Amino acid sequence: MSESIRTMHTPNVKKNSLRQKILRPVGLGGVYLFLFIMAAIVLFPFYWMVISSLKSLAEYRLSPPTFFPKTILLSNYAEAFTTASLGRLFMNTMYVGLVSTLLSLAITIFTAFAFARLEFKGKELLFAALLATMMIPGELFTITNYSTVISFGWLNSYTVLIVPFLVSIFYIYLLRQNFLQIPNELYLAAKVDGTSDFKYLWKVMVPLSLPTLISITILKMMGAWNSYIWPRLVANDEAHRMITNGLRNAFTDTTGDVNYPVQMAAVALVSAPLFLVFVFLRKYIMSGVSRSGIKG
Amino acid sequence: MVDSKQQWKAWIYLAPAIVLLLLFTVWPIINTVSMAFLEGYSGLTKVGGETTFRLGIGNFTRVVGHPDFRQALLNTVLLCVLTVPISTVLALLIAVALNSIKPLQKALQTIFFLPYVTNSIAIGMVFAAMFNVIGSIGTRRPMIVSYGVVNDIIRFFGGNWVNWINSGSEYWANMFVMVVYIVWNALPFKILVLLGGLQSINKQYYDAAKVDSTPRWRVLTKITVPLLSPMLAYVVITGFIGGFKEYTSIAGIFGENMGPAHDAGRMNTMVGLIYDSLEKDNQGGASAAALILFGIILVVTLINLWVSKKRTHY
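Line order of the protein sequences matches chains A and B. Just so you know, we're using this note's numbering here: the first sequence kicks off at 1 and counts up by one. Just so you know, we're using this note's numbering here: the second sequence kicks off at 1001 and counts up by one.
Bear in mind the hints are in silico, worked out from the structure with no lab data behind them. A quick note: this is a predicted structure, and the numbers were derived from the prediction, not measured. Where a beta carbon is used, it is the ideal one built from N, C-alpha and C, also for glycine. You may find that some hints are simply not true.
Stated by the list, open to error - To spell it out: a stretch of chain A is covered by chain B in this simulated footprint if at least three of its residues, at any positions, have a beta carbon under 8 Å from a beta carbon of chain B; those stretches are:
hint, segment
1, 80-94
2, 170-176
3, 184-195
4, 228-242
5, 258-266
To be verified - Derived list of chain A stretches under chain B, where covered just means 3 residues or more per stretch with a C-beta under 8 Å from a C-beta of chain B:
hint, segment
6, 52-58
7, 204-217
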């Protein structure tokens, strides 16, 4: 029986395997070709940014363009740094990013702990209500928050850039899920030993959730680096300006006969820290991002 | 029974978040809805004593009747309808291709994720540079110094150059540049999610298809896409939500003008409109526009969920 099946199918299988032997490499070659073309398209803007930032203005205006600068001009970077006063912008952004990350982490840890470990009336209801607010577009909050911060006298301060965004329901949700995975027995054992809640949180739960906390830190820092709309509205003065706004303000013209090499050098300088973070902490960014869908 | 000591302690842990949420989340919901439905009321005038306001939908009719609103809505809907399908299909093809190779997979995956970690304003400026034409265009005999790298590539293949974003450019050309930029920006997240989904599909389905020598295309449409449908639904929904909130990519390419030099504000979006009203101290209008945006996002999300529930195979 089995013999006959084998013989019945042999010619067909042979034909198929022959077809596969020819088609597979061609198919695989096609797959690689497609991926290489797409990768080239994805990379092209970065390539264009870097080579343009190294050209002289005269060379940049050549048509057809050169695809590698004839003379590498690093002075564009120095000029970009001073034109956009990137140093000041960098310090402002780092300050806002670091302070808001630290405070946000503390609030997120406490809140997630309460929702994951402690018992109180209305816990489930409150958590569901919090999750529901995630559906509302941020612009709806911004309108009222704008008048709130004005009446607090917070315009043009660091506070206005930090405080309204300290609580993130998404981060609380993320960390609570992580806390829930830590077995309850550990908590009860700690209780028996007379460990306080705070000590348990600090010594056991936080270290065990470190990857999530690192993801939150990176996303929060990237958020500060990329924030644009809110700072433009409430803190667009010299002293508190954030880096993205500074970049946009320093180079208002995007079309026409602009000094693109300098502009591209500024863009490269603003993008560089993001790339460094990406290179070293890719794993955390990707795991945080795939769960959120939030940019920055 | 929960003892009262633990209750008390829980609220201490929650206190900072609750205070901030009441101030910056709960109050805005109440206040924004009130401002939208109360004519003549605003969060600012309230402080200044006497105000008269009445319940009504005047804010909504004024916003909807404004030509800027129709332009912004058209732009936003067009951007969504164009970018979400294009980026989803491209991301699916790239993810499937990535999943079917072994050597270089990690390296290519990293490259495809790169656009995610960028600043929308900064890279928007790079796209503007790539599409920008240097010279006097719009005059009878234009003198072109540089066509820009995109036009140079088109000309290399024998095509005609296009005025993409400069003064005098056409609406569809602006829209094309925006779609290219937004798709480029949207790909990484979609590829990441879809590739994750692909890697969790049971290999047995593909082995079965191999035994039956099913053609590649049928494997994609009959096995991969149905099994991937929850992830596809997820990227489509988040894509639409993101698309309706589009703003910074346009500010990146066109600057605060939100349009080419001869027609500022032409490429404005719903979010841009809300901020414009806010800066003009038209809080009622801004609130009404924000609620309309919320309504649109809610309806689109519900439709997406309804469709995906019918089509999704878990």
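Exercise for the section: State the violated hints by number, sorted upward, taking the hints as numbered earlier in the document. Expected result: Going through the list in order, the structure violates hints 1, 2, 3, 6, 7 and respects the others.
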